[in-house]
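From just these sequences and the hints, can you work out the full model?
For my numbering, count along the sequence shown from 1 and bump the result up by 1.
It should be emphasised that the hints constitute simulated quantities derived from the structure, not laboratory data.
Careful, some of the hints might be misleading.
Listed next, with one range per pair, are the computed distances between beta-carbon atoms [said to hold, decoys possible]:
#1 474 with 218: 53 to 61 Å
#2 188 with 658: 57 to 65 Å
#3 180 with 137: 29 to 37 Å
#4 653 with 569: 39 to 47 Å
#5 668 with 474: 54 to 62 Å
Under the rule of at most 20 Å between Cα atoms (straight-line distance), these lysine to any residue pairs were calculated in the SDA-like manner [claimed, not checked]:
#6 383 with 660
#7 652 with 351
#8 161 with 23
#9 437 with 282
#10 667 with 411
#11 134 with 46
Bear in mind that the values here come from a model prediction, so they are computed numbers and not experimental data.
Backbone N, C-alpha and C fix where the C-beta goes; we use that ideal spot for every residue, glycine too.
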Amino acid sequence: MLKKKDADQKQTKSTAWWSGLTGFFLLNLFLVWLKTYVNYFFNFSLGASGPVQLFLLALNPIPTAIILLGIALYFRGKVAYFLVWLFNLIQSIWLFANMLYYREFSDFLSFGIIGSGSSTGNNLSKSIAAIIKPTDFLVYLDLIILAVCLLFKFWPISKKGITKRYAFLTTCFGIALMFVDFGIASVDRSGLLTRSFDNNYIVKYLGLNEYAAFNAFQTKKQSDSRKEASASDLKKVQAFINQNNIPANASYYGTQKGKNVFVIHLESFQQFLIDYKVDGQEVTPNLNAFYHDQNTLSFDNFYNQVGQGKTSDAEMMQENSLYGLSTGSAMTKYGTANTFEAMPAILGQQGYTSAAFHGDVPSFWNRNNTYKSFGYNYFFSKNYYPNSEKANYSVGYGLKDKIFLKDSAQYIEQLPQPFYAKLITVTNHYPYSLDKENITFPATQTGDSTVDGYVQTAHYLDQSFGELMNYLKKAGLYDNSTFVLYGDHYGISENHKPAIAQLLGKKSVDNYDLANFQKVPFMIHGTGLQGGINHTYGGEIDMMPTLLHLLGVSTDGMTLFGHDLLSPQNQQIVVFRNGDWVTPTYTKYRNEYYNTQTGQQLSMTGNPALKATAKRVQNYADKSLSYSDEVITGDLLRFDKSRMNAYTVNKSSYDYQKAAALKLLKQNQKSNPTSVLAKNGGKSTTSDYETDAPELK
Numbered sequence: 002m003l004k005k006k007d008a009d010q011k012q013t014k015s016t017a018w019w020s021g022l023t024g025f026f027l028l029n030l031f032l033v034w035l036k037t038y039v040n041y042f043f044n045f046s047l048g049a050s051g052p053v054q055l056f057l058l059a060l061n062p063i064p065t066a067i068i069l070l071g072i073a074l075y076f077r078g079k080v081a082y083f084l085v086w087l088f089n090l091i092q093s094i095w096l097f098a099n100m101l102y103y104r105e106f107s108d109f110l111s112f113g114i115i116g117s118g119s120s121t122g123n124n125l126s127k128s129i130a131a132i133i134k135p136t137d138f139l140v141y142l143d144l145i146i147l148a149v150c151l152l153f154k155f156w157p158i159s160k161k162g163i164t165k166r167y168a169f170l171t172t173c174f175g176i177a178l179m180f181v182d183f184g185i186a187s188v189d190r191s192g193l194l195t196r197s198f199d200n201n202y203i204v205k206y207l208g209l210n211e212y213a214a215f216n217a218f219q220t221k222k223q224s225d226s227r228k229e230a231s232a233s234d235l236k237k238v239q240a241f242i243n244q245n246n247i248p249a250n251a252s253y254y255g256t257q258k259g260k261n262v263f264v265i266h267l268e269s270f271q272q273f274l275i276d277y278k279v280d281g282q283e284v285t286p287n288l289n290a291f292y293h294d295q296n297t298l299s300f301d302n303f304y305n306q307v308g309q310g311k312t313s314d315a316e317m318m319q320e321n322s323l324y325g326l327s328t329g330s331a332m333t334k335y336g337t338a339n340t341f342e343a344m345p346a347i348l349g350q351q352g353y354t355s356a357a358f359h360g361d362v363p364s365f366w367n368r369n370n371t372y373k374s375f376g377y378n379y380f381f382s383k384n385y386y387p388n389s390e391k392a393n394y395s396v397g398y399g400l401k402d403k404i405f406l407k408d409s410a411q412y413i414e415q416l417p418q419p420f421y422a423k424l425i426t427v428t429n430h431y432p433y434s435l436d437k438e439n440i441t442f443p444a445t446q447t448g449d450s451t452v453d454g455y456v457q458t459a460h461y462l463d464q465s466f467g468e469l470m471n472y473l474k475k476a477g478l479y480d481n482s483t484f485v486l487y488g489d490h491y492g493i494s495e496n497h498k499p500a501i502a503q504l505l506g507k508k509s510v511d512n513y514d515l516a517n518f519q520k521v522p523f524m525i526h527g528t529g530l531q532g533g534i535n536h537t538y539g540g541e542i543d544m545m546p547t548l549l550h551l552l553g554v555s556t557d558g559m560t561l562f563g564h565d566l567l568s569p570q571n572q573q574i575v576v577f578r579n580g581d582w583v584t585p586t587y588t589k590y591r592n593e594y595y596n597t598q599t600g601q602q603l604s605m606t607g608n609p610a611l612k613a614t615a616k617r618v619q620n621y622a623d624k625s626l627s628y629s630d631e632v633i634t635g636d637l638l639r640f641d642k643s644r645m646n647a648y649t650v651n652k653s654s655y656d657y658q659k660a661a662a663l664k665l666l667k668q669n670q671k672s673n674p675t676s677v678l679a680k681n682g683g684k685s686t687t688s689d690y691e692t693d694a695p696e697l698k
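Okay, structure coming up:
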């Protein structure tokens, strides 16, 4: 008995605190802090400035690390050591995932995006794989070393833990530090959790783990919104919309009435590509000519306003004039069950047939369900395109554009007129790679491999567009159609600043340059349309009301957050999803203010005009985003009984299975013989479609 006691005492003496559980806990705490703090600077653009923000950046990884790692202190022996290592691993995986996601999307992962992973198929994983760097795996290096030390007993595992009292005090200390962090952050930025739509602020002030907790709370809150919503919530939203309502431009209203509408979704296409040259060659000669055509209204101050939903956010704005959500994708989370007031349903009331075309799986962004909620009669997706199964016919996110557009002609010619057709191109999508056979344009030489192929896929998209236009002219559809072209979001993220500077011919770029880099093309073309370059400031939220007014459809009583870009009373306020904004006078981007016309950075101090404008515009921006979120998360349009007949769709009446859709198209040739195919006596026009796609030769 005495010998056993002596042995235990000997073991206790040999296991000093720094080599026991306490030391293992503190070492892991330091390692978690170190790799998080280092990656704040090397992989994230948080914009921390000043002693307070820099102090918080160093402090904020610590509280939750103490709390999570401290869970192990309530256990003893091997279990305690394993739990310390496990919670280090969990935080490292979260850090690693955000490093990769931020590198491409300039944002942090949300539970909404994680939850919508299945809706994007395997394509997102392909994109992420393309941007992994060997150095990224250093976040796991300490875990490997620690695991080896434990397995081979280089680090002695003490059976004796620490008292529950000290474990509890450790947890309390972590919670107290969290409140200290939040208190200091709230002083430096008031309303951090209630007014900020930018995840960068949450991470900068509170930390990456705290952001995860806040995002989980937001996600839960969104899921509860529908249960708590009422008709009075919609009335509040409509009062705001009516207060900011503006009339249409009488000289443009109805000028495109009754025409077919082609909406061409230019994937990842930015405004700077228009008229851009590489080695003296135009990147997009066909789109340039279209942009400058006398019958094209082209907007050169038009911005993408997407959030985490990227393409799906752009579609939500284009079809509904509703913003994407602050976290995740609205189409994925709410597209199936919600009531919408969408373009296909509205135009369906005007006698239009509606169809969407996409050369990838129908579940991508939950389109197969959301499009039924929008009121699309047809959705031609991957299984409608036999070529999509052939090797090298697809790239990244679906069928290559030249093949996709050519193969879509067989369905376009069968659509009863007038029709509303949306064609979603995908080849100009990150990682901007094409096989050698399809590369016919020189890459840029910025030295950034992610960026340099961008002009090559953009050129390919331009060629595809040119081929489509030539076909539509031969098929007799060009002159009787209105064309809407828009870029859905940026192609080159802000994490490539040196390359962006080279593309723009600058030595460096600031936040003003990055704000302007969010511009995307928006063009409306129609025979007889009084065209030209329009300098009105606007964004994707404005597409729907602008187009509806051109088609002679009144938007009175509709719950739209955008405004007619052609209206002389347009306030020209562009609201970004994170709460930043642009007006013709001032630009707010990443919490910095600029003169929109000159790019000069401005300070609130001694500038009452800026202060007054910023207060007014910020109030409008915050309300617009909040109310739009309420409409979606609360499914508020179900309460709009006064307009129910205008947009109600019977989702069960739509069948996007290939056999059913083709049968319906065939029936329409007899019952509604207005399609190109019917008017040609059943003779197809697809032989008129000429393409130089090497795969089809």
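Open item on the list: Check whether the Cα positions of residue 161 and residue 23 lie no farther apart than 20 Å.
Closed with: holds, 11 Å
Open item on the list: Next pair to validate is residue 134 with residue 46; report whether the Cα-Cα distance is within 20 Å.
Closed with: holds, 18 Å
Open item on the list: Is 57 to 65 Å respected by the C-beta to C-beta distance linking residue 188 and residue 658?
Closed with: For residue 658 against residue 188, whose Cβ atoms are near 58 Å apart, the range 57 to 65 Å holds.
Open item on the list: Hinted pair, alpha-carbon criterion (20 Å max): residue 652, residue 351. Please report holds or violated.
Closed with: The given pair, whose Cα atoms are some 19 Å apart, holds under the 20 Å limit.
- [ ] Assess, step by step, whether the Cα of residue 383 is no farther than 20 Å from the Cα of residue 660, and give holds or violated.
- [x] Holds. Residue 383 to residue 660 sits at ~14 Å (cutoff 20 Å).
Open item on the list: Next pair to validate is residue 667 with residue 411; report whether the Cα-Cα distance is within 20 Å.
Closed with: At roughly 12 Å apart (the allowed maximum being 20 Å), residue 411 and residue 667 satisfy the hint.
Task: Hint check for residue 569 and residue 653 - Cβ pair distance inside 39 to 47 Å - done: holds, 44 Å
Task: Outcome of range test on Cβ distance (residue 180, residue 137; 29 to 37 Å) - done: holds, 33 Å
Open item on the list: Quick check: does the Cβ-Cβ distance between residue 668 and residue 474 fall within 54 to 62 Å?
Closed with: violated, 29 Å
Open item on the list: Just to be careful, I want the Cα atoms of residue 437 and residue 282 compared with a cutoff of 20 Å; is the pair within it?
Closed with: This hinted pair holds, its Cα atoms lying about 19 Å apart.
Task: Cβ distance range 53 to 61 Å for residue 474 and residue 218, holds or violated - done: For residue 218 against residue 474, whose Cβ atoms are near 54 Å apart, the range 53 to 61 Å holds.
Taken one by one, the earlier hints fail for this structure only at number 5.
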